[in-house]
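Chains A and B, in that order, are what the protein sequence lines are.
So that you can map any letter, position 212 of the first sequence is 212 in this note's numbering, and since no number is skipped, the others follow by simple counting.
So that you can map any letter, position 217 of the second sequence is 1217 in this note's numbering, and since no number is skipped, the others follow by simple counting.
Don't take each hint at face value.
[Unchecked claim] With a straight-line Cα cutoff of 27 Å, these simulated DSS-like cross-link-like pairs (lysine-lysine) come out:
hint: 1; chain 1: B; residue 1: K1232; chain 2: A; residue 2: K242
hint: 2; chain 1: A; residue 1: K177; chain 2: A; residue 2: K134
hint: 3; chain 1: B; residue 1: K1059; chain 2: B; residue 2: K1096
hint: 4; chain 1: B; residue 1: K1228; chain 2: A; residue 2: K123
hint: 5; chain 1: B; residue 1: K1067; chain 2: A; residue 2: K123
hint: 6; chain 1: B; residue 1: K1320; chain 2: B; residue 2: K1012
hint: 7; chain 1: B; residue 1: K1228; chain 2: A; residue 2: K345
It is worth saying that the hints were derived from the structure and are not from the lab.
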Amino acid sequence: MFKRVEKPIIFIIALVIAAMSYISIAGISYKTGDTKNTIIKGAQDIRFGIDIKGGVDVTFTPPAGTKVTKLQMDAAVQRLNSRLDGLKISDREIFPDYTADRIEVRFPWQSGVTTQDPETAIKELGSMSQLTFKDPDGGIILTGSDVQSATANVDTESTSSSGYRVDLVFTAAGTKKFATATTKYVGKTISIYMDDKLIESPTVNEAITEGKCYINSPGAPMTAAVANALADKINAGSLPFKLVTNNYSTISATLGQNALTVTVMAGLIAFLLICLFMILYYRLPGLIACVALCGHIAGTLLCISIPQFTLTLPGIAGIILSIGMGVDCNVITAERIKEELRVGKTLDGAIDAGFQRSFSAIFDGNITVIIVGALLWILGSGTVQSFGYTLIIGVIFNFIMGLTFSRLMLKSISKFSGVRKNWLFGGAAK
Amino acid sequence: MRADLNIDFIGKRKIFYTISICLIAIGVLVSILSGGVNLDIQFKGGAIIRYSYTGTIDKNAAQNIAKDTLKDAQVSTEFEESAATHKKTIVYNIDKSLTNEMQASLYTAVSKQFSGNQITKSDSSDVSASMGQEFLRKSILAVVLASLLIILYIWIRFRKIGGLPAGLTAFVALLHDVIMGYVAFAIMGIPLNDNFIAVTLTILGYSINDTIVVYDRVRENRRLYGSKMLFKDTVNKSINQSFARSINTTLVTFMAIAVLAVFSIVYNLTSVTSFALPMMVGVVTGCYSTICIAGPLWVTWETHKEKKALAEKQRQSLEKEQRRLKLEEARANKAKKSK
C-alpha cells in the first residue's frame, strides 16, 4: 500500500478528513415537513452524562439482610423502567448488578422540566408503591398484583366537575378475591392503601363480582394529575422488594451546562496550541500531523455521537488527553525522519525509513493504553467508563490517522517537486 | 535538538534517585501531617452537598444550621466562588451518608434560614460507607491488574534483550509514577476519589508508552552494536537519541492538560481540576521516570550481569594460563630428568 503513493492521495485524504470534520459536528439530516430525520448524528446529538446535563445517579439495594433472586431483580428493573416511563424520563440508564444485588439508575433532567427536585424523584422511583386492599381487621384482601389495569377517568360521583377517579380492572384471581371479600364485608369498610398511606375507606354496599371497581375521593376530589399518577403507579406495579437508597449524587443542570462550555473551549485552545507548536517545530510533517489530528478528533466525536454513548466530563478529558497523545505518533515519526536525513539518506528513503523504524515503538506504546482503557471501561463505574471508552477510541484513531493516513499524506505530498526540500522535513537548511 | 546530544544520564543516576526519594518523603510527610491518607467520600462514605447562593452568608450560621438539622453527623462548611462566573457556593462536607429525607430537611432548613440569599441546590453526592469500601477495592484491583498486564506485555515484547529485567525495571518506574501521583494529590490537598484512579491508570499507560519508546531504541541499538558496546553506553545512547521525542511529546500532552486545568480552576469545576492537575504532574514524571529511574536500574542489573560474565571469562582464561604454565613446567621437568 505504501509502495507507490501518487500525488492526488493528499487531496483525497484531506477532503475525507474535511468531510468527516463537518459531519462530526453537524451530522447528516433532512427535513420532511416539520420533522427532522437524522441519518448520522453529529455533535449536537451527543448524549451527555448527568455531570453535564444535570441529573440524578442513584443506587438501590434491598434492605440489609434481605436475599433476592435474579427473577426479583429483573422484576424490579422492569418496574423501575415503567416508572421512569411514567415520569416521562426517556433518556436513562439502569444497571442491575446481580452479584452484589444492586440496581444503579442514572438519568439526566429532561430539558424543560422546571422543578428538578432530586429527593422527590428518588423517593418516587424507589417507593414500593404497594397497593393494598385491607379488610376491617387489617388483613390483606388483595394487592396491586391482583390488578390487571388502572385508568384515570372523570369521576361522575364527585361534587366538583373536575374530579377524577381511578378505575381498576382485576385479574381473574383478583376478581375472585374481591368477590369473596365484598360478599363477606357488606356494610363494613374496606380500606385502600398505597404503601402506608390511606387513600380511601369506602363502605361495601353489595358484593362485586365483575372484577371492577374504582377508587375516588368524593369529598376531596382528585385532580387529573393525581389520578393519573396513582393509575401509573398501580400499572407500573409494586416492587418485589423494598428499595433502599444506598448511594446517590445529583447535579443541577446549570452547573453541568457551564462545565460543557468550559471544557469544549479548553479543548479548542489546546488543539490550536498543539498545531502551532507542531508546525513551527516540525514544519511539513507537523502540518500533516495537524490535518491528521483533525481527522482524529472528528472520528472520535463520530464514535461518540453515532452509537449514542454517554459522554461525561472525564470522557471529554479523555479526548483532550488523546489529542496530546495522538500527536506522539507523528512526533516519533518526524524525529526519525530527521535522523535519517542527518545520516545522509535521500528524502524518499528517509521518509520510508522513518515510518518503518518508528512503527514498533508506536505499536507497543498504544497497546498498553488499550489495556488501561479496557480496564477502566470494564471495572470503572459511571463517569469513569466514558474515560476508558474515549481512550480506546483515541488509540484506534491514532493508528488510523496518526500512522496510516499521515504516512500516505506525507509520501504523497513529497512527490510535489516544489516541496522536495530537506529543510521542510526537518533536515538541515541547504 | 542537536544531533550529537550526549548527556550521561546513567552516570547522574544518584542525583535522580535522591530527587525522587525527597519528593516521596515530602508526600508522606504531608499525608501524616494532615491526618492520614485523605480519602474522598467515594471511598470512605459520606455526603457532600452544595448549594449556590447570592449575597453574603455568615459561615458560622451556615455551619450551625447544618449541625442542628443533621444532629449526629460531623459537618464541616466551606465557601467556594468561581473566578469567572462569580457564582458562590456553600459546601457541606458530612461524614456519613444522608437519607433522602435528611437531605430534603437540610435544604428546607438552610433555605429558610437564609431566605434572602436565593439558596438553590447545585449538586450533591452521597455514598454509603460499604459502597465506598467496595469501590476502593475495585479500584485497587484495576490498578494492580493494569500493572501486571503491562509488565507481562513488556516481558514478552522485549524478551530478546532480557525480558524480565526490562519488565521489572519498567514496573519500578510505574510504581514511582503512581506514588508521585499520590504525592501530587496529597500536596495539593485533593482527597482521593475516582479521578485519582483514572489519573493513576492513565499515568500507567502514558508512562509505559514513554518507557517503551526508549526500550525499543535499546533493542535496536543492541541489534546494531551487539555486545561490542557496554550496556551502559547502549542505554545512554538510546536515551539521548529519543530525548527530543520524549520532551516534545511530554510538552504537547502537558500543554493540552494544562489548558484544561487552567480553565477548570478559573470556572471552579472541581471535578475536572482534581483530574487535570495531578495529570500534569503525572505526564512529567512519566517522562522523568523512564530516563532517570527505569533506564539506570536496567543498566545496573545488566552491568552486574556483564561484570559477572567478564569475571567468569577472566577466571577461565586465568585457569587456562595456569594450566599451560603447569604443562610447560612439567615438560621442562621431564626434559631435565631425561638429561
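Legend entry - Straight-line alpha-carbon gap B/K1228 to A/K345, limit 27 Å: holds, 25 Å
Legend entry - Pair hint A/K177 and A/K134, alpha-carbon separation not exceeding 27 Å: holds, 12 Å
Inset, instruction - Would you mind confirming whether the straight-line C-alpha gap from B/K1067 to A/K123 stays at or under 27 Å? - result: Answer holds: B/K1067 to A/K123 is near 24 Å, not above 27 Å.
Inset, instruction - Could you grab the alpha-carbon distance between B/K1228 and A/K123 and see if it respects the 27 Å cut-off? - result: violated, 75 Å
Legend entry - 27 Å Cα cutoff - pair B/K1059, B/K1096: holds, 21 Å
Inset, instruction - Take a quick look at whether B/K1320 and B/K1012 sit within 27 Å of each other, Cα to Cα. - result: violated, 39 Å
Legend entry - 27 Å limit on alpha-carbon distance, applied to hinted pair B/K1232 and A/K242: violated, 67 Å
Hints 1, 4, 6 from the list above are not met by this structure, while the remaining hints are.
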